[in-house]
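Can you build the whole structure from these sequences, using the hints too?
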Amino acid sequence: MSMIGPGAELPMRAHSLQMENRERLRLTGVSDVSGFDENLIALSTDMGELLIRGEELHIDKIDLDAGVMELRGRICEICYEERVSGTGLWKKLFG
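Positions in the sequence shown are counted from 1; adding 26 to them yields our numbering.
No wet-lab data here; the hints were simulated from the structure. Misleading hints may appear alongside valid ones.
What the hints assert, rightly or not - Computed Cβ-Cβ distance ranges for the label pairs, DEER-style:
hint	residue 1	residue 2	range
1	39	81	28 to 36 Å
2	65	96	14 to 22 Å
3	44	74	15 to 23 Å
Ideal placement from N, C-alpha and C gives every residue a C-beta, glycine not left out.
Right under this line is the structure:
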């Protein structure tokens, strides 16, 4: 059994998106949620920052230890962004 010490990088997890009828989205490889409201969810994934725009968005399930998230609502856009600091991303999106 190996132990990961402080400051050690975690191994990358598989990242996938599975959408059903633009109303449900299941994601894997999610490491953090930077912010969310009914129109925008900002996530950190192992493949970069991910923005999900839509209407009446709701997070149904989130397990950051497993890297799994499920959401529902009307999904209008899914976009990967360059990595920026959490404060900068938050300000850019909601400021």
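So, going through the hints one by one against the coordinates:
1. Checked against the hint of 28 to 36 Å, the pair residue 39 and residue 81 passes, with Cβ atoms roughly 29 Å apart.
2. A hinted range of 14 to 22 Å for the beta carbons of residue 65 and residue 96 is consistent with their spacing of about 18 Å.
3. One distance hint, 15 to 23 Å for the beta-carbon pair residue 44 and residue 74, holds here, with the actual separation near 18 Å.
Against the hints set out earlier in the document, no violation occurs for any number.
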